[in-house]
Amino acid sequence: DTAVSQTPKYLVTQMGNDKSIKCEQNLGHDTMYWYKQDSKKFLKIMFSYNNKELIINETVPNRFSPKSPDKAHLNLHINSLELGDSAVYFCASSREGRASTDTQYFGPGTRLTVL
Amino acid sequence: AQKITQTQPGMFVQEKEAVTLDCTYDTSDQSYGLFWYKQPSSGEMIFLIYQGSYDEQNATEGRYSLNFQKARKSANLVISASQLGDSAMYFCAMRVWANQAGTALIFGKGTTLSVSS
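Top to bottom, those sequences are chains H and X. Residue 50 in the working numbering sits at position 50 of the first sequence; the count goes up by one each step and never skips. Adding 115 to a residue's 1-based position in the second sequence gives its number in the working numbering.
Honestly, the hints are just simulated from the structure, not real lab data. Be aware that a few hints might be false.
[Stated by the list, open to error] Calculated lysine to any residue pairs in the SDA-like style (CA-CA distance at most 20 Å, straight line):
no., chain 1, residue 1, chain 2, residue 2
1, H, 40, X, 159
2, H, 44, X, 139
3, H, 52, X, 125
4, H, 36, X, 176
5, X, 118, X, 215
6, X, 118, X, 188
7, H, 41, X, 159
8, H, 36, X, 188
9, H, 41, X, 216
10, H, 40, X, 125
11, H, 52, X, 215
12, X, 224, H, 28
13, H, 44, X, 116
14, H, 9, X, 212
15, H, 9, X, 224
16, H, 44, X, 198
17, H, 36, X, 224
18, H, 44, X, 121
19, H, 52, H, 28
20, H, 44, X, 212
21, H, 40, X, 156
22, H, 44, X, 135
These figures come from a predicted structure and were not determined experimentally.
Work out the full structure, taking the sequences as your base and the hints as a guide.
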């Protein structure tokens, strides 16, 4: 059974379109995250939700809107896609969001290409 | 500022040899966690090993061990008896407080490990 899953795995779209990425975890974790990995492979936190509540919102354009319908799901909607949004987006989850010991488990990633 | 530094963009090793991937970190927190992840060419991020700042023993997980030197602020990953399947990018990460509500990982730039036969 996949612990953290994401759909779709690949997403190719035109500039200006709106797209969504979905994430689900079956680990029973309370906290979920979105990370962005750029073309140089650098990973950076975008958002984090704890039990459906947004707790981390880094400096991300407001075209990006996360939504967590329940603690097992975290979606990412992106409006008006731009070329610079091309990246790999990773969803992750952890048992809770505060302890330094808490291990994050990552989904397989969604490779977004904006043409 | 909190930071993770990986100074080796690429490392090359032969099968069955041991290899050390360097990681230094900077934080003023007393309690922190250090992690290593593996990213093979298929793209997924695989958790390898964790070390807590208060852990007195170095962490080990199978062929992976973490050489934790707190005074030097280093957390090097040691892979013993390298295998071809170890060829991947390796990221060192640290759990930091993003705000008062929650923590997140900050990552180094990664080291690409190539294992040859």
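Status of each hint after checking the structure:
The hinted pair formed by residue 40/H and residue 159/X meets the criterion: a straight-line CA distance of about 16 Å does not exceed 20 Å. Pair hint residue 44/H plus residue 139/X holds up; C-alpha atoms about 18 Å apart against a cutoff of 20 Å. Only pairs whose Cα atoms come within 20 Å are accepted, and residue 52/H paired with residue 125/X is rejected, the gap being roughly 40 Å. With a C-alpha separation of about 27 Å, the suggested pair residue 36/H and residue 176/X falls outside the 20 Å cut-off, and the hint is violated.
Distance hint between residue 118/X and residue 215/X is fulfilled; the C-alpha atoms sit about 19 Å from each other, no more than 20 Å. Straight-line distance between C-alpha atoms of residue 118/X and residue 188/X comes to about 11 Å, which keeps the hinted pair within the 20 Å bound. Restraint check for residue 41/H and residue 159/X: satisfied, since their Cα atoms lie roughly 12 Å apart, inside the 20 Å limit. Of the supplied pair hints, the one linking residue 36/H and residue 188/X is violated, its CA atoms being roughly 26 Å apart against a limit of 20 Å.
With a C-alpha separation of about 27 Å, the suggested pair residue 41/H and residue 216/X falls outside the 20 Å cut-off, and the hint is violated. Simply put, residue 40/H and residue 125/X have alpha-carbon atoms about 14 Å apart, close enough for the 20 Å limit, and the pair holds. With a C-alpha separation of about 17 Å, the suggested pairing of residue 52/H with residue 215/X holds against the 20 Å cut-off. Pair hint residue 224/X plus residue 28/H does not hold up; C-alpha atoms about 30 Å apart against a cutoff of 20 Å.
With a CA separation close to 15 Å, the supplied pair residue 44/H and residue 116/X stays within the 20 Å bound. Between residue 9/H and residue 212/X the alpha-carbon distance is near 30 Å, which puts this suggested pair outside the 20 Å criterion. Taking the CA atoms of residue 9/H and residue 224/X, the gap is near 23 Å; set against the 20 Å cutoff, the hint is violated. Note on residue 44/H and residue 198/X: the hinted pairing is violated, with a Cα-Cα distance of about 29 Å set against a maximum of 20 Å.
Distance restraint check for residue 36/H and residue 224/X: the Cα-Cα separation of roughly 13 Å lies within the 20 Å cut-off, and the hinted pair is therefore satisfied. Note on residue 44/H and residue 121/X: the hinted pairing holds, with a Cα-Cα distance of about 15 Å set against a maximum of 20 Å. About 13 Å separates the Cα atoms of residue 52/H and residue 28/H, which keeps this hinted pair within 20 Å; it holds. As the CA atoms of residue 44/H and residue 212/X are separated by approximately 14 Å, the hinted pair is consistent with the 20 Å bound.
Of the supplied pair hints, the one linking residue 40/H and residue 156/X holds, its CA atoms being roughly 14 Å apart against a limit of 20 Å. Straight-line distance between C-alpha atoms of residue 44/H and residue 135/X comes to about 25 Å, which puts the hinted pair past the 20 Å bound.
Of the numbered hints given earlier, the model fails hints 3, 4, 8, 9, 12, 14, 15, 16, 22; all others are met.
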